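Protein sequence lines correspond, in order, to chains R, C and B. Positions 0 to 165 (numbering that gives the first Met the number 0) are the ones given, in order, by the first sequence. Positions 0 to 102 (numbering that gives the first Met the number 0) are the ones given, in order, by the second sequence. Positions 0 to 708 (numbering that gives the first Met the number 0) are the ones given, in order, by the third sequence.
Hints are computed from structural coordinates only; laboratory data are not their basis. These figures come from a predicted structure and were not determined experimentally. Yeah, the Cβ is synthetic: ideal placement off N, Cα and C, and Gly gets one too. Incorrect hints may appear among the rest.
[What the hints assert, rightly or not] Derived coverage of chain C by chain B (criterion: at least 3 residues anywhere in the stretch with Cβ under 8 Å from a Cβ of chain B; other residues may be distant): (1) 14–28; (2) 87–98.
[To be verified] Derived Cβ-Cβ restraints for the label pairs, each shown as a range: (3) 54/C to 137/R: 19 to 27 Å; (4) 96/C to 646/B: 56 to 64 Å; (5) 5/R to 96/C: 36 to 44 Å.
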Amino acid sequence: MNWAFYLIAALTVAGGLAAVLLKNTVHCALALTVAFAGLALFFLQLDAQFAGFAQILVYIGAVAILIVFAILLTRGSETPKGSVFSRNWLAGLAIAAGVFAVLGWAVLHSASVLPHETAAPTVTVLQIGNALMGRYVLPLEIVALLLTAALIGAVIVALHEKEGSR
Amino acid sequence: MTPLTGYLIVAAMLFSIGLAGALTRRNAILVLIGIELMLNAANLNLIAFWRYGPHPEALTGMMFAIFSIAVAAAEAAVGLGLVIQIHRHAHTTDLDRMNRMKG
Amino acid sequence: MMMQEGFVTFQTLGNGYVSPIVFYLWLIPALPIIAAGVIALLKQPKRKTASALAIGSLVISLFLSLVAFIHVISEPIMRSATAIIHANATGVLRETVNFTWIQVGAANVDLGWVLDPLSAIMLVMVSFVGLLIFIYSIGYMKHDENFTRFFCFMSLFAGAMLGVVIANSLLLLFMCWELVGLTSYLLIGFWYQKPEAAAAAKKAFITTKIGDVLFLLGMVWLFSQTGTLLFYNHGAGSIEAGALAGLLAQPAVRLGGGLTAAGAIGLLIFAGAAGKSGQFPLHVWLPDAMEGPTPVSSLIHAATMVAAGVYLIARVYPLMAAGALAGGTTTALTVVTWVGAFTAVFAALIAVAQNDIKRILAYSTISQLGYMMAGLGMGGVAVGIFHLITHAFFKALLFLGAGSVIHGCHGEQDIRRMGGLKADMPLTFVTYAIGMLALCGFPLFFSGFWSKDGILEAASHWSVARTPFYMLVFGVLLTAFYMTRQVGYVFFGYWRGGKTAHESPAVMTLPMVILALFAMGLGAIGTPAWPWFRAFLENRAVVFNLHGFAEPGLPALMIASTIVVFLGLGLGWRLYCGQAPKPEEPDVLERAVPVPWGWLRDKLYVDELYGVTVIAFYKWWARVADWLDRRVWGGAVAAVAWVFGLWSRLNRFLDNNVVDGSFDKGCEELAAGGGLLSRAQNGRVQTYLRILALGVVVLVLMLIWSSRA
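Throw the hints in and build the complete structure from the sequences for me.
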């Protein structure tokens, strides 16, 4: 456990907190981006370079932008009047706290059976490509289908309806 | 505390934060943001276990995480499209006000 | 000797011969009753048929009665021809036909009829007088529109009266007695549209009913003590020697001094007789009964029905005389005598001050009935019944005469508005005078003299006291006086009425003539020289013997009674027949002694006394009973109904609120629960998400715990 880990952890968690707590929705989206970046750094630290860069490309480059677009399209750029939290936010907080408690306890309690540190693997893009086309070709195709369906679906869902069909 | 444990704790924290956001924020988009955080926490879990688990050369964890990223992106797209459409109808994204499915 | 055929027993003559007349004796009352039934079914205008049926049936009954009478008279002659002499203790032959009517467990209730001298003579008298009055009624009721109804009721009465006379069972006698009372009610109230007539009928019925209740008590007592109600049942009858001995063996009833069980029963039966025969204090109905048509007054309330009471006492005489010491008398007979004597004087006094022609005769009847009862009490059956027979004839005659007068005076009944009818209605006057002299007891040629002297003679020898004798003599004086007063007002003087009077038609005067002949001639059968009547009742033969007059005290008594009669007649003549009474002036005596006259004219206030005491009591009792009925019994019923209402209301409450309510409540709760549960579906996504997350936490916890366990 070195200082890089704690730094990145702090960054990510802060970003996550900010994403959830800030009033202005755009600020939340930007904080989310920071969290994504932190996570990418985690992936890099964990020797999963491809996953890290994929994270940056997809999440920061696409998802975050998408979220910003959606915010702007739904007039979320103005700072909302009134509370940004729902009426019974305490229940939600309590449940989330409960989930964290359970997960944390599970992790800490089973520390003895968790695997130990091993040597860092070297993963090349060639290996990933081979795996994608070889062992995981089916999931790849399915994901491709899924992405197509999602693409078409998103377009249809968000389409402006014609005047006459109201 | 092993590094794995540390990563797992962080992932759990992120997951909880994301869940809390999804459960307490009024704005529908922020619920999606929370969901994205949750998915990312799960990804972190996967990668951490891939790195510190047996047979990292099988690339299982990494592949899983990559597919997860893809699916999350697709889901974010569709979800945001839905939110935009709802906003067109209800002129609001306030979840507290969207209770027409009230039974 | 007895014969049994089926369930009927015949008491026969010694040679085993069942006399057919005894067997068919029941036809005598049955025929008029059947005639009454047929008349009842006729339509109203069939007058000739109705009167023909009534008179025809009574003619046949008279014929049969005469046959029975001859049979009884010839009995001694027949008896001597047979070797076996069949006689009971008194030597009188009785033939009875008895049959069982009801069987109650071991006890039997028997009915039957008897033919003996007493019933034979009564049969002849009732049917003969009745026939004459029926014939008279054809003329009297000619203008009445209810002619057929009249004959129906009269025929029914005749049949019932004949039934009373031949009954051998106290129960059968009582049934016919009640029937007689019923027909009396129907006939008194014949003109029921008149309120006085309806009231008089009701009064008669109720007053006699009071006596009848006591009669019934006596009957039940007799039945319980002797086990039978038959009079004569060859030794086993209720008034024959065996039963009487049993009754006398009972300890003396605590009420009266020396009153035996037999005497007490006799007194109860006398109460019934007192009601029917108008003895004090149950006499109040007789004067009011004059509201009925005059033939009714004549037949029922002079000759026959009122005589039924006297006949009843004569029938049960053995019961009343049981236990008498030699030469003495029983308590029961003493009571009968005193009541009779008192009634005789009481009624005679009231008769002096009456102004209605029929009321005078009514009170006279009550008085003469008192004489009959006194005669029975002091002298026995022969004395009393002889006066009954003679009285029937001359009193019926007097009433028919009064009816003739009323008919001739166009309905007038007040004697102050009559007068001088001696010239206008001669035949009526002659027959009426004969009847009046017979009633007064004019010596020698009138039957009333012999019968009344018989009573006076018995009274003079009475062992208990002499007071009844003096009372009866005083009654003779009063009788002569008031009858002379009546005759003076009606027939002498000058006419004080409206339209001129006219004589009655022959159909009315002929029966009166026949009755007058009998009123004169009947005395012959009761003279001391030839006491045929007494001997007849005892089934003895008798010869004419002038030495009968030589009994000690008898001539003196006859002369004394004659003097008294003449005294009364003279007094009345002087006051009423000498100077003609003027209509507007009050009576001579009234001017002299106005206050006592007022008392007598107002009937000595007996009715008023009853009104204040008995009737007032009954009215109060009726109010109490009404209150009880409405409040207590009605209240109880209402309370039960209220309880039921309460119960039903409780049930309804339970049904609505508890059963329905619980069901409804259950449904409501279910709906509320559903409503409550549906609140979980608040349509907000985040709520669903929270629940999802919670579910996941729970699942994980379960998994952990299960894996640890």
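Hint check:
1. 14–28: holds (count 5)
2. 87–98: It holds: at least three residues are needed, and the segment 87–98 of chain C offers 4 whose Cβ sits within less than 8 Å of chain B.
3. 54/C to 137/R: 19 to 27 Å: 20 Å, holds
4. 96/C to 646/B: 56 to 64 Å: Between residue 96/C and residue 646/B, where Cβ atoms are some 60 Å apart, the hint holds.
5. 5/R to 96/C: 36 to 44 Å: 42 Å, holds
In summary, this structure violates none of the numbered hints.
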